[in-house]
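Please take these sequences and the hints and turn them into a complete structure.
Here the protein sequences come in this chain order: C and F.
For the record, in the first sequence the residue sitting at position 318 is 317 according to numbering that gives the first Met the number 0, with numbers rising by one throughout.
For the record, in the second sequence the residue sitting at position 171 is 170 according to numbering that gives the first Met the number 0, with numbers rising by one throughout.
The set of hints was computed from the structure by calculation and includes no laboratory data.
Treat each hint with caution, since some may be false.
One copy or two, it doesn't matter: identical chains are merged, so the pair holds either way.
[Unchecked claim] Restricting the straight-line Cα-Cα distance to at most 20 Å, the calculated cross-link-like pairs of lysine-lysine (PhoX-like) are: (1) K358 x K310; (2) K45 x K310; (3) K127 x K106; (4) K263 x K63; (5) K109 x K232; (6) K232 x K106; (7) K310 x K354; (8) K252 x K63; (9) K186 x K134; (10) K232 x K45; (11) K359 x K310; (12) K63 x K186.
Number of protein chains: 2
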Amino acid sequence: MKENRIYNFNAGPAALPLEVLEEIKDSFLNFGGSGMSITEVSHRSKWFDDVINDAVARTRRLLKLDDRFSVLFIQGGASMQFCMIPMNLLQGDDSADYVNTGTWSTKAIKEAEILGKRVNVVASSEDKNFSYIPKNISFNSNAVYAHITSNNTIKGTQWASYPDTGGVPLIADMSSDIMSRPLDVDKFGLIYAGAQKNIGPAGVCMVIIRDDMLGRVPESLPSMLKYTTYASKNSMYNTPPCFAIYTIQLVLKWLEETVGGLEKMAEINEKKARILYEAITSGEFYRATAAPDSRSLMNVTFRLPDEELEKRFIAQALENGMGGLKGHRSVGGCRASIYNATPLAAVEALVNFMKTFEKKNG
Amino acid sequence: MKENRIYNFNAGPAALPLEVLEEIKDSFLNFGGSGMSITEVSHRSKWFDDVINDAVARTRRLLKLDDRFSVLFIQGGASMQFCMIPMNLLQGDDSADYVNTGTWSTKAIKEAEILGKRVNVVASSEDKNFSYIPKNISFNSNAVYAHITSNNTIKGTQWASYPDTGGVPLIADMSSDIMSRPLDVDKFGLIYAGAQKNIGPAGVCMVIIRDDMLGRVPESLPSMLKYTTYASKNSMYNTPPCFAIYTIQLVLKWLEETVGGLEKMAEINEKKARILYEAITSGEFYRATAAPDSRSLMNVTFRLPDEELEKRFIAQALENGMGGLKGHRSVGGCRASIYNATPLAAVEALVNFMKTFEKKNG
Numbered sequence: 000m001k002e003n004r005i006y007n008f009n010a011g012p013a014a015l016p017l018e019v020l021e022e023i024k025d026s027f028l029n030f031g032g033s034g035m036s037i038t039e040v041s042h043r044s045k046w047f048d049d050v051i052n053d054a055v056a057r058t059r060r061l062l063k064l065d066d067r068f069s070v071l072f073i074q075g076g077a078s079m080q081f082c083m084i085p086m087n088l089l090q091g092d093d094s095a096d097y098v099n100t101g102t103w104s105t106k107a108i109k110e111a112e113i114l115g116k117r118v119n120v121v122a123s124s125e126d127k128n129f130s131y132i133p134k135n136i137s138f139n140s141n142a143v144y145a146h147i148t149s150n151n152t153i154k155g156t157q158w159a160s161y162p163d164t165g166g167v168p169l170i171a172d173m174s175s176d177i178m179s180r181p182l183d184v185d186k187f188g189l190i191y192a193g194a195q196k197n198i199g200p201a202g203v204c205m206v207i208i209r210d211d212m213l214g215r216v217p218e219s220l221p222s223m224l225k226y227t228t229y230a231s232k233n234s235m236y237n238t239p240p241c242f243a244i245y246t247i248q249l250v251l252k253w254l255e256e257t258v259g260g261l262e263k264m265a266e267i268n269e270k271k272a273r274i275l276y277e278a279i280t281s282g283e284f285y286r287a288t289a290a291p292d293s294r295s296l297m298n299v300t301f302r303l304p305d306e307e308l309e310k311r312f313i314a315q316a317l318e319n320g321m322g323g324l325k326g327h328r329s330v331g332g333c334r335a336s337i338y339n340a341t342p343l344a345a346v347e348a349l350v351n352f353m354k355t356f357e358k359k360n361g
Numbered sequence: 000m001k002e003n004r005i006y007n008f009n010a011g012p013a014a015l016p017l018e019v020l021e022e023i024k025d026s027f028l029n030f031g032g033s034g035m036s037i038t039e040v041s042h043r044s045k046w047f048d049d050v051i052n053d054a055v056a057r058t059r060r061l062l063k064l065d066d067r068f069s070v071l072f073i074q075g076g077a078s079m080q081f082c083m084i085p086m087n088l089l090q091g092d093d094s095a096d097y098v099n100t101g102t103w104s105t106k107a108i109k110e111a112e113i114l115g116k117r118v119n120v121v122a123s124s125e126d127k128n129f130s131y132i133p134k135n136i137s138f139n140s141n142a143v144y145a146h147i148t149s150n151n152t153i154k155g156t157q158w159a160s161y162p163d164t165g166g167v168p169l170i171a172d173m174s175s176d177i178m179s180r181p182l183d184v185d186k187f188g189l190i191y192a193g194a195q196k197n198i199g200p201a202g203v204c205m206v207i208i209r210d211d212m213l214g215r216v217p218e219s220l221p222s223m224l225k226y227t228t229y230a231s232k233n234s235m236y237n238t239p240p241c242f243a244i245y246t247i248q249l250v251l252k253w254l255e256e257t258v259g260g261l262e263k264m265a266e267i268n269e270k271k272a273r274i275l276y277e278a279i280t281s282g283e284f285y286r287a288t289a290a291p292d293s294r295s296l297m298n299v300t301f302r303l304p305d306e307e308l309e310k311r312f313i314a315q316a317l318e319n320g321m322g323g324l325k326g327h328r329s330v331g332g333c334r335a336s337i338y339n340a341t342p343l344a345a346v347e348a349l350v351n352f353m354k355t356f357e358k359k360n361g
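Here's what the structure looks like:
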């Protein structure tokens, strides 16, 4: 492949569109005629204003956000949101509902509890090792919000559709599937996504927040921990993570102008996932780990007959130009993360390799 | 200049060494033979381990840190440290001393007060518009720490030497002069620096913390707001800002291997500042705004006879390939930020331009 690049199946940081990387590279010493690198221009300059405003505008168009929503860029990843959400939205006797679908949900619950907030875990798939997404959940009508993790990168599960909360604002950690499919934003009070899987590099979290949620933010919080600080200053109360926001802007431009929007992106993602799951489930050699109706289109987790074969599979795949196929260290096995930027060709190459490997070792 | 680059006198984000930018550019599609961009490699990979470990090792060597100190990389900039420091270090009746030398100190004080912490402002230069660094300060012997801003980017002041706190651990916001000169770390309990001025791009803050300060951190804080979380996981409890840390690593490599260490860097910085202050103070046309004994070697602030001339000066400088000379919007005037990465040639070009401009307009 070009410049000896590999097909990158990493779970995050993950593959970025090659044309985005090439644009960053080509303009790295002189951004937009500024005579400076994007890493050197002032965040108070017209150059950076254009970048962040375009990133926000493209987010609004792609996700069809109306004026109730603000688009913010906050540092600290999704993990910082685990504490910022309850700090900003729950006061006094307020309570929130959480659905536990694995590691990331568990951490979100833990951070709310550390803060002494009232948390109701209304559903969990822990009974079956988080291999499925719970159904028919009863949410508390007086909950300030209902929190879910839209896609679990480790167990390879994903909400195929979002739950009916009976009007309680939904909050979703969409770190691993934001912009992977069209979104009906009406149910959501807040959406957050660490950028390093589907929309950019590590170092920034996109937060989309509705005005009624912003209205709940107490004045008494430290400035950097309040959503209102970011909303009132277009995420530039202090110096934002300029390079990460710039990369997001280019990824969103690629999504709109090269891919053609989220409907098109969803079609491609469905096709990638379909041929990969078919390769896994068509025989006895490979085995998918997630329940059929809960399988993620982003992180395809699977096992081979034994761990020795898995090691060999991962090593030989890398020799064949396919990297990042090792499962999360907490669960083992194999995982192919096939986010937006992973091309169909990468999945086809992987499927071919899987067939060859099975023939030799099956 | 190469690729039509300008001489960049921005206050931050600011100039980076050209050879660092070139190395990033050259390896941007394939980092270290990984077949991936640095923005695409896993933070749990050997590639990134080498990056972060080298960045820490170089920081230790350059600042001569002993084993009591941990080097952390935290998101949110120095502004996040304004709240993290009091959250982590002050409990119950604990109090801290703060010296107020302008905007950034004022914000640090405000954030500690928002948290309801006991803050003593033991000295301030507000009486003279923050144009000097206070002397002969009496610190409280029972203070947990004494906080200063080592360099004020807006008013162009800098601590020439650090105050005697009578044994109270010093905490310094060194965002704008870290690594600009050798450091006697013995006085310090904690040092922090947003990277985007002297050591990297926006999006990461370096925090150097001594073990007795780490020992004060309460268990009850959210994970992402506790120094102990970062110290116990080599700053990788969650996905760190990989690209920003990588750039820091390259800047520190440049400091050690090209510049030759902090003594050499300090010599160059002193020379740059000397010729620029000489150009400003040698006649009546330009006027330095900071008190002579408090003048910053990093941010040289000055005025011209009137604002109309200042506008013309800034505009004509840009036409001549010198950018970023406008003073901070809160104070006006002119400012030349001459951090580590600003070459002597840039300052010489500016001085020549200043002489020509004075001849035409003086």
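How the hints compare with the structure:
1. K358 x K310: within (17 Å within a copy, 74 Å between copies)
2. K45 x K310: between (51 Å within a copy, 17 Å between copies)
3. K127 x K106: So K127 and K106 pass the 20 Å test inside one copy only (18 Å; across, 49 Å).
4. K263 x K63: within (15 Å within a copy, 55 Å between copies)
5. K109 x K232: between (30 Å within a copy, 18 Å between copies)
6. K232 x K106: Result: close only across copies, 16 Å inter versus 29 Å intra.
7. K310 x K354: Within one copy, since 16 Å is at most 20 Å while 69 Å is not.
8. K252 x K63: The answer is within: 15 Å in one copy meets 20 Å, while 45 Å across copies does not.
9. K186 x K134: Cα proximity of K186 and K134: one copy only (17 Å, versus 58 Å across).
10. K232 x K45: Within one copy, since 15 Å is at most 20 Å while 38 Å is not.
11. K359 x K310: within (15 Å within a copy, 74 Å between copies)
12. K63 x K186: within (13 Å within a copy, 54 Å between copies)
Taken one by one, the earlier hints all hold for this structure without exception.
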